[in-house]
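Could you build all of it, start to finish, from the sequences and the hints given here?
Just so you know, the protein sequences line up as chains A and B, in that order. With our numbering, letter number 38 in the first sequence gets 38, and the count goes up by one each step, no holes. With our numbering, letter number 45 in the second sequence gets 45, and the count goes up by one each step, no holes.
In case anyone wonders, no lab produced these hints; they're calculated from the structure. We put the beta carbon where it would ideally sit given N, CA and C, even for glycine. Take every hint as true, because none was put in to throw you off.
Heads up, simulated EDC-like pairs for lysine to aspartate or glutamate below, C-alpha to C-alpha not over 20 Å straight-line: (1) Lys279/A <-> Asp11/A; (2) Lys34/B <-> Glu46/A; (3) Lys423/A <-> Glu405/A; (4) Lys34/B <-> Glu96/A; (5) Lys423/A <-> Asp49/B; (6) Lys287/A <-> Asp175/A; (7) Lys34/B <-> Glu91/A; (8) Lys165/A <-> Asp176/B; (9) Lys168/A <-> Asp163/B; (10) Lys165/A <-> Asp163/B; (11) Lys165/A <-> Asp161/B.
On the chain B side, residues computed to face chain A include the following (Cβ under 10 Å): (12) Ala86; (13) Asn109; (14) Gln179.
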Amino acid sequence: MPEARPRTLFDKIWDSHVVERLPDGTCILYIDRHLVHEVTSPQAFEGLRLAGRRVRRPDCTIAVVDHNVPTENRRNGIAEEESRIQIETLERNVAEFGVPYFPLLSAQQGIVHIIGPEQGISLPGMTIVCGDSHTSTHGAVAALAFGIGTSEVEHVLATQTLLQKPAKNMRVAVDGALPVGVTAKDVVLAIIGRIGIAGGTGHVIEYTGETIRGLDMAGRMTVCNMSIEAGARAGLVAPDQKTFDYIKGRPFAPAGDAFDRAVAYWRTLPSDEGASYDKQEKLDARKIAPMVTWGTNPEAVAPITGIVPDPREAADEARQAQMQRMLDYMGLTPGQKLAEIPVDVVFIGSCTNSRLEDIRAAAAIARGRRVAEGVRALVVPGSGIVKEQAEAEGLDRILLEAGFEWREAGCSMCLGMNPDRLKPGQRCASTSNRNFEGRQGPGGRTHLLSPAMAAAAAVTGHLTDVRELA
Amino acid sequence: MQAFTTLTGVAAPLPIADVDTDKIIPARFLKTVKRSGLGVHLFYTLRFDKDGRERPDFVLNTEPYRHAEILIALENFGCGSSREHAPWALLDFGIRCVIAPGFADIFYNNCFKNGVLPIRLPRDVCDRLMDDARMGGNARLTVDLARQVVVRPNGEEVGFDIDPFRKHLLLNGLDDIGQTLQHATSIGTYETKRGTEQSWLPPVHVG
Numbered sequence: 001m002p003e004a005r006p007r008t009l010f011d012k013i014w015d016s017h018v019v020e021r022l023p024d025g026t027c028i029l030y031i032d033r034h035l036v037h038e039v040t041s042p043q044a045f046e047g048l049r050l051a052g053r054r055v056r057r058p059d060c061t062i063a064v065v066d067h068n069v070p071t072e073n074r075r076n077g078i079a080e081e082e083s084r085i086q087i088e089t090l091e092r093n094v095a096e097f098g099v100p101y102f103p104l105l106s107a108q109q110g111i112v113h114i115i116g117p118e119q120g121i122s123l124p125g126m127t128i129v130c131g132d133s134h135t136s137t138h139g140a141v142a143a144l145a146f147g148i149g150t151s152e153v154e155h156v157l158a159t160q161t162l163l164q165k166p167a168k169n170m171r172v173a174v175d176g177a178l179p180v181g182v183t184a185k186d187v188v189l190a191i192i193g194r195i196g197i198a199g200g201t202g203h204v205i206e207y208t209g210e211t212i213r214g215l216d217m218a219g220r221m222t223v224c225n226m227s228i229e230a231g232a233r234a235g236l237v238a239p240d241q242k243t244f245d246y247i248k249g250r251p252f253a254p255a256g257d258a259f260d261r262a263v264a265y266w267r268t269l270p271s272d273e274g275a276s277y278d279k280q281e282k283l284d285a286r287k288i289a290p291m292v293t294w295g296t297n298p299e300a301v302a303p304i305t306g307i308v309p310d311p312r313e314a315a316d317e318a319r320q321a322q323m324q325r326m327l328d329y330m331g332l333t334p335g336q337k338l339a340e341i342p343v344d345v346v347f348i349g350s351c352t353n354s355r356l357e358d359i360r361a362a363a364a365i366a367r368g369r370r371v372a373e374g375v376r377a378l379v380v381p382g383s384g385i386v387k388e389q390a391e392a393e394g395l396d397r398i399l400l401e402a403g404f405e406w407r408e409a410g411c412s413m414c415l416g417m418n419p420d421r422l423k424p425g426q427r428c429a430s431t432s433n434r435n436f437e438g439r440q441g442p443g444g445r446t447h448l449l450s451p452a453m454a455a456a457a458a459v460t461g462h463l464t465d466v467r468e469l470a
Numbered sequence: 001m002q003a004f005t006t007l008t009g010v011a012a013p014l015p016i017a018d019v020d021t022d023k024i025i026p027a028r029f030l031k032t033v034k035r036s037g038l039g040v041h042l043f044y045t046l047r048f049d050k051d052g053r054e055r056p057d058f059v060l061n062t063e064p065y066r067h068a069e070i071l072i073a074l075e076n077f078g079c080g081s082s083r084e085h086a087p088w089a090l091l092d093f094g095i096r097c098v099i100a101p102g103f104a105d106i107f108y109n110n111c112f113k114n115g116v117l118p119i120r121l122p123r124d125v126c127d128r129l130m131d132d133a134r135m136g137g138n139a140r141l142t143v144d145l146a147r148q149v150v151v152r153p154n155g156e157e158v159g160f161d162i163d164p165f166r167k168h169l170l171l172n173g174l175d176d177i178g179q180t181l182q183h184a185t186s187i188g189t190y191e192t193k194r195g196t197e198q199s200w201l202p203p204v205h206v207g
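Structure representation (structure tokens):
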């Protein structure tokens, strides 16, 4: 028998989900888990209704509300009418089509990319989709997970498949011990700074190397989450003992003998020795400092020890103009020290950084300190369960005593679709994933950074090298 | 879905790289349960000032580009979120074809589901088409999907690549779901096989 071609983790998951390969190479790809939220699903359910179609596999589907939900006083109902209509529409749709749903007032409710892994719904070797680009998060548990548009949401609801061509393989290897004060968020910002916001376009990025293996599951989720900010369809980390230990005992994970059989399968998934990648990149973790963005896309990033760059140093005229526009929007001048930029708002949350580990990191900086005068600081846990766990550890008390607001789970200030948003001109240190113009509210200015760095900015009132507070 | 065969129209030049989906349509306009009516929010912050008045210098606020059916853009158009509201907004405004050196994957894919044709062409070709577009209403471009060419106002034809399966669906205005359901038997067979091989996998069931 000829020896099989060495395959990557991506190749293995892809191959095992091909239902049929059409003559031109397009594949009908089977989808194991479909996560549904209120913003990108109403038109999809309406499409099913108009065509007289049902949801093929409600038992492979889970719905939750996250983007639109208020993060305080939610027992009083939802004040914004359009948000309320979207949420009520989802509730009607899940009832009509028999889709499992975590209601707003349940502990399981949370940001869709937090609850998938947390509930054990997202598992290694699966294909997972959601009408949201940050679906790449679930790659941390070695699932091929990617964002889709609403037409594809409808396609998955109706057929449990997608029409796709395989992506290319890209490997980003990060080796070396992370310096003190440097986290998974800094690693992924450094990666995006290196490869650019379109560096992963057309590819699935597999993150490898001892630094990635050394990250806890929350950190791996942060890294995979931002794969899309490098343009990649998805991010992946090979499953290992940490992955299995994380999954064991979660509500929707296999249990007992079934878990052991699952692990035996999951152990076959890591990329084979000698598997080839279309593109490769290497980073030395020892050289990564705490990172912060200064512009209006995630590749406009620099170490906190750095300065606002000068557009005159850009490669060409188009880039110069783009950089100048970024600085005008951000209200920054070339040469300004990043660590001296004052902030108005601090946001700790989002599918990138709202897990228990993130809140612990923020609380460790907040303990015994006070939010600076004139700064508003929000901490928004990623799920009702994260909130409960944080409260059981007393983290809420530490944060509240330091002057942070402690909210209920949702997407919150990541994207300005709910009452938490920036006012025009306000500057925010944010643990979210996108610093696009207007992302956190019209005219709002976003600096992306890690939870510890965000907490440091909250207590000093300006962007701060967290290592100075340790 | 409306079929895409040939399109002759005014092309609007948008010489900005990395146009993200928040620029195409800000998140606050996604609170709709409909696909239609999003054209008024297209490029909202580029098109309107903070008081909702048109910015007179933005290309789509000027003649003849208010009636543009083609957009010429730069690298990495449509990066960011998966919101299909981005192509919906373009389509509702009247734009059925975007030509750029590169697109973000999800946006690119979403276009095809809505009868919007995204065309990748090298930067130098896009620069020439951008110059054509700047000539305004007397310099219409023609996009011929069957022949895979863009016809410049001077008659020069520029060829482009497109996935044959997507081309077929677009030319015939075919619904993806209908296509896939022709393979329903294969899907059923796959599910049975997978159910046996991965019998350890519990269903998602709440309550």
